[in-house]
Every structure is written in C-alpha cells, then in structure tokens.
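Student: Start from the sequences, fold in the hints, and give me the full structure.
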Amino acid sequence: MRNSTKKLSYLEAIVEAMREEMRRDERVILMGEDIAVYGAQGLCEEFKGPRVRNTPLSEASFTGVGVGAALTGLRPIVDLTIASFAYLASDQIINQAAKLRFMTGGQLKVPLVVRASTFYNNRTAAQHADRPYPLFMNVPGLKVLAPATATDAKGLLKSAIRDDDPVVFFEDITLWAKKEDVPADEDFLIPIGKADIKRPGSDVTIVSIAGCLPPALAAAQALAKEGVEAEVIDLRTIVPMDKETILTSVAKTGRLVIADNSHKVGSVASEVAAVVVEEGFESLRKPIQRVATPSIQIPYNANLEKLLYPTKEKISAAVRVIL
Amino acid sequence: MSLDQARQLELFTRMLRVRRFEESLIANYPMGHMSIGHEGAVVGACMALRDDDYVTGTHRSHGHPIGKGAEIAPLMAELYAKRTGICKGLGGSMHLTDTSKGLICESAIVGGGIPLATGAGLSIQVRRTDQVALCFFGDGAVNEGTFHESLNMASIWKLPVIYFCENNGYAVTTPVATSHGQPDVARRADGYGIPGVIVDGQDAEAVYEVTNAAVEQARSGVGPTLIEAKTYRFDEHSNRLPIPFAYRSEEEIAYHRRERDPVALYRDILVSRGLHSDVDAIEAAVAKTIEDAVQFAKDSPEPELQDMLDSMYSNPINFPVQHEGI
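Residue numbers (the numbering used here), protein chains in the order written: chain A, 1 to 323; chain B, 1001 to 1326.
Please keep in mind that the hints were generated in silico from the structure rather than gathered at the bench.
No residue lacks a Cβ here, since even glycine has one placed at the ideal position from N, Cα and C.
All clues stand as given, with none of them false.
Within a straight-line C-alpha distance of at most 27 Å, the following computed BS3-like cross-link-like pairs (lysine-lysine) qualify:
| hint | chain 1 | residue 1 | chain 2 | residue 2 |
| --- | --- | --- | --- | --- |
| 1 | B | K1158 | A | K109 |
| 2 | B | K1082 | A | K109 |
| 3 | A | K178 | A | K6 |
One-sided excerpt, in silico: chain B residues whose CB lies under 7 Å from chain A:
| hint | residue |
| --- | --- |
| 4 | C1087 |
| 5 | G1091 |
| 6 | H1095 |
| 7 | T1097 |
| 8 | I1109 |
| 9 | L1116 |
| 10 | T1118 |
| 11 | D1310 |
| 12 | S1311 |
| 13 | M1312 |
| 14 | Y1313 |
| 15 | N1315 |
Tutor: And the structure:
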C-alpha cells in the first residue's frame, strides 16, 4: 500500500485511522455515545465485542473509564462527540488524565485519546458550538491537536493513538465532508508538534487554526491577485506548539495575522501572538493581527452566527491593515 | 474462605503499620488526612486482593498502599517530600500511589477515582485476565455524579469491580444524616441492579470475608458489588484543617476510640486465639519498620527540577519549553 492514496473525506479519514490502529493493536478500544449508530461507520461491525463500547450518557465517567483503561494496559479512544460536552468530562481530563503521571512521580502512563468535534457554523446554537481549544491548551500534561485536512486528520490521529500521553483531538465539522487523496500506507503518520506550511509566501504570515484553513487559503489566493504573497501555516498541533516554524516564517515576512475560530480572549491566537512578541519581536514590522471569534455566545440565527467567525474577507482585511 | 493463621497475622501487621505510620506522622511531620480508625475496613478489604489486582483510592490515601502490602520507607519518604518517595515527592499525602502493588490512583478530587477503577475493570474484561479492581471512596463521594454513572456502567457491562465505601459518617464536617437521602450507602446498589452489602468496618475479618466473596463474584464474571463498611475517623478530616467548632461530640469520639478501635479489637481476637507472642513480635517489628522508614526519609535528598520535568510526559515533544522562567 506504500505510496498509494485513497480519496477520503476528513471524517472518513478519521474513521480510517481508527480502523487501521484497531487492526494493528488490539489494545486500542473505542468508547462513546451512540457510536453503534453514528460516527464509527463500520467499526462496530468489524470489532464487534468488548473493544467497542456504546456508552450511557455519562460523559464524566466514561471519559474516566477511558483513563482507567489507559492506566491498565489499553489505548482507549474516547469519543465525546461534541466538544461542548468536554466540560462535563473536563474533571477527568484535567484532574486525572493530565496529572496522574506527574502526581505519581512518573510511575504511570496515560495513552488516552479524547475525540471532540467542534460543532459550529451549523445552527446548533450556544450549547453545542464551542471551540474550546484554549481551555485545554492551558493544562500542562495534555497534547492538543486540531487538524484541518483529511490527510492531517488521519496522520495525526494515528500518532495520537500511538502516543503514550493523553491527547485531546479536536475535529472540525466544517471540514468533515472535505475530500482529498489521503495516503493509504498504514504507517503513514503526521508527527505531533509540527505545523505545516500549506502555502509558501514572503510578504505576510497567516497562522491558521483548524477550520480557519479554507478561508485563510482563500484569502491568500485573493491577496496574490493584488501582488501580496501570504505564507499560510496550518498550526495542526496546538500543544506542543511548533514555535520554530512560526518564528522562521515571521522572520522572513515581518508580518503576522492569526486566524482562530475560538473566542478571542485567551485564544490560541493570543498564545501564538505572545510567543512571537516574546521571541520574534525584532522580526515584526507591523502589529500582529488576531482574527478570532468575538466574546459573544453562538446564536441560533445563521446570519448572525456567520458574522462571528473568521472569513476570507476578515483575514484579507487584517492582512491589508499591516501591509 | 477464611484467613489462615499466617494471613491473620499479616492482616494485623498491615493494620498496625497504618496505625504506627500515622502516629509517627502526627508526632513528627503533621501532614495529611489520617486513616486511624479505618484500618479494619481498609486492610480487611486489601487482604482479599492479589498483588496484581488494581486499587483506586482517595485523599485519605495512606492506608491503601500499606494495606496492599507496599514497602513502608518510600511511602514515608513521600510524606517527607523526598526524592526517594514513592512519587518522588511530587504527590504527597493525598496521592500515595504505589503502582507496583496495583494502585493506579489516589484521587483528592472526591469521586474522581471511581470511574478509573471502573475503567480498570473494563480493561481487565477486554484483556481477559482474572484480575479485579477495588475502588475505595468515602461516604461523601456517593453524592458525586461519578458514583452513579460508574456503578451503572459496571452493572450493564458486568465489570469485575468492587466498590468499597469507607463510611465514617462525615464528609469533612457534614454528617451522613443530613446529606444522604438514603443513609445506608449499600442500599443504593438496588438502583443499579447490583448486590450491596453492609459490614462492620471495625471488624477486620468480617470486612475480609465480605470483600473476598465480592472478589470471587468479580473474578468469575458475575459482576460488581457495592460494599459499605461502617467505620469511624478518630482524628480530624485533615490535620492541617482548623476546626472552629465541634461538629461531633467528644463523647462520640471517645466512645469509638475506647470501644471501637479496629486495631485493639483485632489484637484481642488474636490474643484470645493464643497468638500473644506473635502479636508481641509484630508490634516490635512494626515499630522498627516505622523507625527505619523515618530515618530513611530524613536522610533522603530533596527532589530536583529534573524530576518534575521527567514526570510531565511519557513522550516529551518540544519539552521543556523555553522562555517559561525555569
């Protein structure tokens, strides 16, 4: 299967990653609500039995069950379905998964993956639409991923499953249906902690987080017509952040726009900006621009909801401010 | 199955270790939540387990590793926050976790360990071993959502988990009588379709017997059991917690210390069985163990920055981070 590819959507790539890893390693198990019907697409049939658990509606405890199973020889994938539900499970993620290795002086490993989809821009209103990466970014001990393409989703999820630390894997539902050719090699991995330059450029750096990638690339295309070459960096891993790729790019361009669909205060964009100010200040020729979601809850009305998130137009406008 | 004579003496040894370990702490290094009064419940339950069975515990953590047979010196060194401590001085009194004896979590978040024991049970089931997981928690924890959620999951999946409530009557200062709609914790088992058993936690052999029966059920695939051991905490919730006014009477405390001391009660039983000289020998040996452990702790070095860094990630990537002030 080396070098061959398969046309997969972002969501299919995620399922493919789980299927391959469950075939490869019998310690990998899958748990979550309604996965017998949704989300696991055929995995329940193939792995019928104790390795696939359709759970009761008990987010805190089934996440903790995943932690306990991870401590005792398994490599669980806990599907929280919707990232807004992560708050219910957050005690187990933050107080247990992220701390148990440290609290025991390194005696334990917690090879756990928590999947959480950011379920926004589809009229689900305030309690289903959060993009809570910043909350988990602030927790030492976790790794936090947010891929933006099918290939990265597959390769990063496989890396997460093989990693010995707890990983929170945010999947962006605005990308679920996007198809591309995805490597079919079962050992194809995307390394955790590496950002990816999705479009090279020399005039301005756009760092994109998760579902901001399509509007960031569209903005870069539009700017190219005006003679401005934007370098688009897809962060891919939020923690541990690939500062080197960002700082190298900013050293070249001297200008930075960050596109992040999380709420602006204390956002991933804030952290990227802080890193560049602390460690790359001399490279900056203009102020950093954050294009993020304002501190307003997500409304049911679609027209109002669309006003909130980063778009091609907002990202392009932010670039023009600092040209 | 009853305990043979050697196991009876081992039960007494471990109970006495908990008592002397904590008496030493109170005298020399006042730190933590003491299990004194709980020894019969904690050690009685642990004696029903094998070394490879899993245990999760609580902030009142000292008795759990000692009950499971852990080496004493690394536990004492942990209390003294030393590098030779079982958790390298990073965990401390509320997290005394010795994984070599099957402990996987001592949670200071009340109810936080209940899902973890449930997950250990799920792991046992997936890996098809005949281990079990035993989950210690207090009466306060049964009012946390994780208790309800976890017992329900253990029931539907028939997980090999023993849920063991050390009911000492008080969640810090709040009495069971004013915080539990059903004061008999074990009766909640009916709500999950699993067996619930009440046992006198001050009777160590009785605790062993009911736990052993539950362990046999779990090992044979029948499923989980909820055990409620009625016990009593002789000291305050934490010896660093100021108690501005009495929430329980002096008479109540004195009664339990005088009439319901699990260590004294079990000592009397063993003496009545003609084991006086064995008991004397154990008392001398435990005193020496504790004395040596304290000396080891005092002589041990402090942990270093590198110990913290090494304990953060199993697979560090871009870590430690630069420009964070260390």
